[in-house]
Amino acid sequence: MKTEKIANRQFSFILFIMRATIPLATLPILTASNARQDAWASALLIFVGTALTIFLIVGLGARFPGKDVVEMSWHLLGKIPGNIISLVILWSFLHMASLQVRIYAEMIIVGFLPETPIIFLTASMILVAMTAAFSGVEVIGRMSDLIFFFLLVMIVFSLGTLFFEADFMNLQPVLSRGFEPVLVGSVVPLGMGSLLLVAAMLIPHLNNPERAVNSALWAMGGAVLVIISTVLLVVATLGPEEGARVVFPFVKAIGGIRISEFLERVEILAVFSWGLGLFVGLSTFVYCGAKGAARVFGLEDYRHILLPMGVIWVVLSIHDFENVFEIRSLLAPEVMGPYGFFLIFFPYLFLWGGYLIRRIEGADHQEKEEKR
Amino acid sequence: MSFIRFVSRLFPRKKKKINMDKLDISQLRELTQKEKLKPKLQDNLSLVREYYGNSLGLQVRELQIGRVNVKAAVVFIEGMVDTASVEELIKVLVINTVSSGEIIPSGFPFIKYIKEKVITSTMVEEVEELEELFDRVLRGDTALIIDGLETSLTVDTQGWKTRDIEESDAEVTIRGPRESFIESIHDNMSLIRRRLPIPQLWAEKFTVGSLSRTQVAMVYIKGLAGEGLIKEMRSRFAKTDIDGIIDSGQLEDFLEDTPFSLFPLTLRTERPDRVVAALLEGQVAVIVNGTPFVLLAPVTFFAHLQASDDHFEKVPLGTFIRILRYVAMILAIFLPGFYVGIVNFHPEMVPTALLLRIASTREGVPFPLVVEMLLMESVFEILRESGIRLPASIGPAISIVGALVLGDAAIRAGIVSPPVVVVVALTAIASFAVPNFALGIAGRILRFGFIILSSIFGLFGLQFGLLLLIVHLSSLRSYGVPYMAPAAPFIMRDMKDNIIRGWQWGQVYRPKLTGFREPVRKDPRQARRFFKIFPHDEEGQDED
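In the order they appear, the protein sequences are chains W and Y. No gaps in the numbering here: position 332 of the first sequence is 332 in the working numbering, and each next residue is one more. With the second sequence counted from 1, adding 1000 to any position gets you the working numbering.
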């Protein structure tokens, strides 16, 4: 079977969209942290942390351009340990995806469709994401091409309108509580950075895998810019106290906008377009998850396990959390921090370890020479 | 042994006569294919008569060729031939061979003599099989069967009535060439060739349809269209097995990549200028005999939303019209669904005054909004469908019934609310702005899906539907070219002629995915000439 290829640009777009749509859903973790009006400083820290994560994940992936993370772990650690490591990564895909589905569904229910049963919404969303995953990574790449520009316009539009509503005095005083809350505030978004693990699955599909680190960094740079400006504007609009209290501060902030007599309550349009971006992320998660699981269990085609995975996913999205407040407790720094770091560092500690040991032993060089 | 053979020769076994009544069409076809021409003239003529079933139109004119007095016959179908050419043929056979007084040199085959020295027609072919003979005679050629020869000649005498080249009804333009294709493949080919008089314009011939034997030509510019594309097209032609093709639409089914899609993956056009423009970008055209619709492949979604005028009007207007068309396409698909979603689920988005207005008009309407909308949309679709089939003389009746009886009376009777009628009318007008009929149909069907989706989830239903649509559109390919190119995958270089229309001198490159064999179209430097702010400054240096 021919490997599907996506351009590095599309890879960047996918990562950008995944990272940039996070603040919509998980903004409370930034604004609700103790940092309050200094949340933007946490966002700055996110960039540094994410860049390190990229070097960790994508950097290793780019050294094995033809292999996804499962094959790489087999290569570096051997079959059984490799599979165990891979399962941790695959679990992160499934869990992140179900978390995002649930948050988006909760947002729809809280904000717009209070009487719709949540399972109806999550199941529909998962079905849509599965359709995209079924069509393959090329389609997800093209989808991201289409949605990226749409999203960009909407980001500029919604943040632009917020700009005129914002009262930047709300951001004062700067760093009044010291640096510690800022540091703590950045823990959870960094933990959510485990979504970057999808890059490890996407690298073998890239046109130009050697430049993957570059593409990923560009994507993260853009995404962090969006996160910072969103946090700044939302906190400035709502004020630090309300920003911390409201469940979905971004929606609340946009909802207050009134452009003219004729154009008000446009938050649905913002949610609508952010949701489009969210689906790119969901499709990527489910694609990578299914692809990796198929690899681990030795299946030819990942499409066969999409449906069972979808069912597990729906169940997980419903039974993982009782309500929206339980999501918030998962996203607390003391929970999400260690969890996210475990998902990233546990596999990659071993993988890098394996790589370095092989490097020192010179096994790779021998293999290369044997191939020649 | 030799005795038995001698006796059997004395009593020749009577040839079994074929009972045509008992054979089915495929058996008959097989039989025809096996049959070869015989040396005796009368045998051949009876063979032709037998297989043709002595149907209407078969003309057999027996004659003797000139001074050598060889018996011969010309066979043709009346109505398919140009009578003057047949007369000319008979004349040269009967008279010219006499008057020239030439003696056939010994050793010079008679058939070669006839072919090379007697017949003056432009096209003469030798045939040896009955099938081949029929193939030509039934296309308007005249067969010359000569006594004593197993080879006969077919002479091109085609001449039947065709429609004049007129303006297209379906693809009207304000500015630009008026000619459109007709049903004859040769006339169509000449329409294209007149615009591209280069030998590199190649047209590969195919015969499709086991019974209709339809002539199909695959036209491309050699060296510009991708060889992979041409090979793929050829292989799809080879796989096409059908008994008859009447229109290129039937062939389209065989040539498409994804048969389950609503969206057209080849572009049908009646306009030669459109075809030539496509050929210049490395696409391939398929001309089918008997239909004015020519297929173009590979095509993209955006190509369906373009009309030829865009390129002939000035740039600002061309761009404006295009953007207008995109907006219209979006309205035609989403507007009714959007309205249903907004009013049912998100009334806070509607300005209060308007919301009150809508609510007051909806008072007393017995149906939910969705039902109302689906009802009116269906009525409109029925109206449109019935309008197409009606003769022009009673066409206006439909518009009266549609506008007055259904529109006005339905509102007065309180069955539907006026805003719904406004939305449906707006959608209808918008859908007419889509220049391509096939794409318009896709939009019409999708509209119903979006109404139902947004009646369930509100705008989020619209979102789910939109995503499914995006996934579907992104997964489509037309001969390997992604359907949404150049938007997805994003190709900056090709954006100059899709959503906007750039200046001609700026369109330096051919589309990346079809015209990749020679991407540069014209001198890129000429653009500089147009960018001079003060053109008179350098006038002295200009050589011309």
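No lab work stands behind these hints, which were simulated from the structure alone. Backbone N, C-alpha and C define an ideal beta-carbon position, used for all residues, glycine too. Some hints could be false.
[Stated by the list, open to error] Computed list of lysine to any residue pairs in SDA-like fashion (alpha-carbon distance at most 20 Å, straight line):
#	chain 1	residue 1	chain 2	residue 2
1	Y	LYS1239	Y	LEU1196
2	W	LYS5	Y	SER1212
3	W	LYS5	Y	PHE1516
4	Y	LYS1496	W	PHE150
5	W	LYS5	Y	LYS1512
6	Y	LYS1512	W	PHE150
7	Y	LYS1038	Y	ILE1025
[As the list claims (entries may be wrong)] Label pairs and their calculated CB-CB ranges:
#	chain 1	residue 1	chain 2	residue 2	range
8	W	GLU322	Y	SER1235	31 to 37 Å
9	Y	LEU1426	W	PHE179	53 to 59 Å
10	Y	THR1258	W	PHE179	27 to 33 Å
11	Y	PHE1260	W	GLU180	56 to 62 Å
12	W	ILE80	Y	SER1235	45 to 51 Å
13	Y	SER1235	W	VAL335	45 to 51 Å
14	W	GLY221	Y	LYS1222	30 to 36 Å
15	W	GLU322	Y	PHE1260	57 to 63 Å
16	Y	GLU1381	W	PRO308	36 to 42 Å
17	W	GLY221	Y	GLU1204	49 to 55 Å
18	W	GLY221	Y	LYS1231	41 to 47 Å
19	Y	LEU1426	W	GLY221	20 to 26 Å
20	Y	THR1258	W	LEU175	56 to 62 Å
21	W	ARG245	Y	VAL1371	51 to 57 Å
Status of the hints after comparison with the structure:
| no. | hint | in the structure |
| --- | --- | --- |
| 1 | Y:LYS1239 x Y:LEU1196 | 30 Å, violated |
| 2 | W:LYS5 x Y:SER1212 | 43 Å, violated |
| 3 | W:LYS5 x Y:PHE1516 | 19 Å, holds |
| 4 | Y:LYS1496 x W:PHE150 | 19 Å, holds |
| 5 | W:LYS5 x Y:LYS1512 | 17 Å, holds |
| 6 | Y:LYS1512 x W:PHE150 | 23 Å, violated |
| 7 | Y:LYS1038 x Y:ILE1025 | 24 Å, violated |
| 8 | W:GLU322 x Y:SER1235: 31 to 37 Å | 58 Å, violated |
| 9 | Y:LEU1426 x W:PHE179: 53 to 59 Å | 57 Å, holds |
| 10 | Y:THR1258 x W:PHE179: 27 to 33 Å | 57 Å, violated |
| 11 | Y:PHE1260 x W:GLU180: 56 to 62 Å | 58 Å, holds |
| 12 | W:ILE80 x Y:SER1235: 45 to 51 Å | 46 Å, holds |
| 13 | Y:SER1235 x W:VAL335: 45 to 51 Å | 58 Å, violated |
| 14 | W:GLY221 x Y:LYS1222: 30 to 36 Å | 47 Å, violated |
| 15 | W:GLU322 x Y:PHE1260: 57 to 63 Å | 41 Å, violated |
| 16 | Y:GLU1381 x W:PRO308: 36 to 42 Å | 40 Å, holds |
| 17 | W:GLY221 x Y:GLU1204: 49 to 55 Å | 52 Å, holds |
| 18 | W:GLY221 x Y:LYS1231: 41 to 47 Å | 44 Å, holds |
| 19 | Y:LEU1426 x W:GLY221: 20 to 26 Å | 43 Å, violated |
| 20 | Y:THR1258 x W:LEU175: 56 to 62 Å | 58 Å, holds |
| 21 | W:ARG245 x Y:VAL1371: 51 to 57 Å | 42 Å, violated |
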